[in-house]
Amino acid sequence: MRGLRKYAFKFFWGVFVLFIMGFFLLPLLWLVTAPFDAKATLRVAIPSKFTFANFRAIFRNTFAVRALFLNSIVIAGGTMLGVTLFATLAAYALARLNIRGRDILAYLLVLFSSVVQGTAAMVPIFLLLFHLKLIDTYPGVIFVLIGGLLPTGIFLMRDFVAGIPKSYEESALVSGARPWQVLRDVVLPVLRPGMMVLAVWSFVQAWGDFLISLIVMRSPAKMPAPIAIYSFYTEGGTPVLTLVSAYSLIYALPVVFLYLFVNWRYGFRFFGGIKGGGR
Amino acid sequence: MTDYLYLEDVTKAFGKVVAVDGVTLGIGKTEFFALLGPSGCGKTTTLRLIAGLEQPTAGRIYIDGREVTNLPPQERDIAMVFQDYALYPHMTLFENVAYPLKVRKVPKKQITEKVHEVAEHLMITELLDRLPSQVSGGQQQRAAVARALVHAPKVFLFDEPLSNLDAKLRIEARAFLKHLQKEINVTTVYVTHDQAEAMAMADRIGVMFAGKVVQVGAPLDLYRFPQTKEVAAFLGNPPMNILSGRVQPSADGIQFVGEGFVLPLPGLHIPPQEAYLGFRPEHARIDIEPRDCAIRGRIYAVQPLGSEIWVTLQVGSTTVTVKMFAEEMPEAVEEVWLVLNPQKIHLFDSAGRRVPLAS
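Chains as they are written, first to last, in my numbering: chain G, 1 to 279; chain X, 1001 to 1359.
If you're looking for bench data, these hints aren't it; they were derived computationally from the structure.
Cβ atoms here follow ideal geometry from the backbone N, Cα and C, with glycine treated the same way.
Hints may contain errors.
Chain G side only, calculated, beta carbon under 8 Å to chain X, not exhaustive [to be verified]:
| no. | residue |
| --- | --- |
| 1 | S48 |
| 2 | P165 |
| 3 | S167 |
| 4 | A177 |
| 5 | R178 |
| 6 | Q181 |
| 7 | V186 |
| 8 | V190 |
| 9 | E235 |
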């Protein structure tokens, strides 16, 4: 009786897990099958008529191609560089300097950024950029995205910096290194894995942004991919599934490649395991 | 001021906490000097002041006749081995050891020669292309020493470099570092909380308590003539036994009145006061018969350590430990008599300062 109950539980647990897996995997499956189907529907199906025609149609749409390969890359790339650079420097200062109330400052940063964001800040952000004459410019979008991501980025990086013993820097100083040499030879290489995580994270965040670009950008030629995807909707507002899926697949690839590249080149690993006691 | 490294009335305060309190210290050229004290006594801060990693609140520091008080660490021509070794995790041992030469813009060829020379000395040659995480703790420690050694510094600073090694390696490293220091003849300041380490390695020891250097001297001088009760109780393994009581005048001098015993101290004259009687565990023995001036005690614990036996006795409300050879150990008894060697006792006054005995 007990055994039976155990097996029944295992059975239902298995079914439940399969269901959850299916729930998350099916859309992904659709994303890799539908683009190659001449008659794609919302169903996941092996393409009845295998074709590359959908991709050809995409590449004829210069607006959408420019959005993906220029606008989105510039916006996400710029945001990535900005967030990684500023968050690292700020986190380093926050973790290393003894400022009174620095922990409270760090928590306030995160709290504030998560309360005031997106929709709530739409009007002030628009007004601010308007007066700075940054409406309809790349820097406009990039600055707003950097501002939005920086608090969380600083917070992530601060813990990373705090985990690195100060003695690395001190030992370099005692060895005769100037402060800039300490930064170049010791601090940045040791922080690099953390910076890579931060870079990929901020790139993905900016890559997927829709709202900020929609508010800031005015001319169609500067819209990024998440907005340009609406050019594959009919006049009546229904998506052309063949084209939307093909565009989405191309849209997803840079992020995948970025992840693979960073993982191959640097690895998302942390230098750990140097044994040493605290003091 | 002929000292090679000289600290002149150096004070360091962190806010209201005074970590180093008016320390004046002279260390000779090529001397191996140990700063010994319990944790939090300011010894590491003193070392960091010498390194330039901290700025003194008051006082001056001189190295080789030049004032370095306000110089940054990189201009002091020193080397330091950190407690956690601080080997850069992204560099191989070669790159780690080469780093002090690299920042000094030494030509590549010379760097390679010098690193290999030092590495050979420290027996890490075959590990040079490994990362710090790929070698053992003892090897990391030697690499850290190699990195400190490579540019022939004026002063060598050690911050508890052995505390991360296991007991057996630590004893080996002790002999190794002492030998190395004599060979390269570089002035060395070595911070430790382990009195055995300081005694074993140093030419001279400075004992620190609460930010002050209480006593400076050769290891055996400190051991034989501790100037305060704290120093007496900090050195030695097991440390000196301290019994509290009073001194009172007697017919031919004074006598020490402890808990349940009276010890005459003829020829001494100090005013009656609270006082402390100290004796080293090796300067007492146990007898089963009552004797003159012997102190009655009960056996509390017996620790046979091989060549010697430590016997801990309950004497009044305190315990004392006696070191003796295995064959001297009396048969199973509970009540014993503690017999002190009158030539080898120490007397401390009410303030804990040493009272010289007539000899």
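Results of checking the hints against the structure:
no.: 1; hint: S48; verdict: 53 Å, violated
no.: 2; hint: P165; verdict: 6 Å, holds
no.: 3; hint: S167; verdict: 4 Å, holds
no.: 4; hint: A177; verdict: 4 Å, holds
no.: 5; hint: R178; verdict: 6 Å, holds
no.: 6; hint: Q181; verdict: 6 Å, holds
no.: 7; hint: V186; verdict: 6 Å, holds
no.: 8; hint: V190; verdict: 6 Å, holds
no.: 9; hint: E235; verdict: 57 Å, violated
Violated hints, in rising order: 1 and 9; the structure is consistent with all others.
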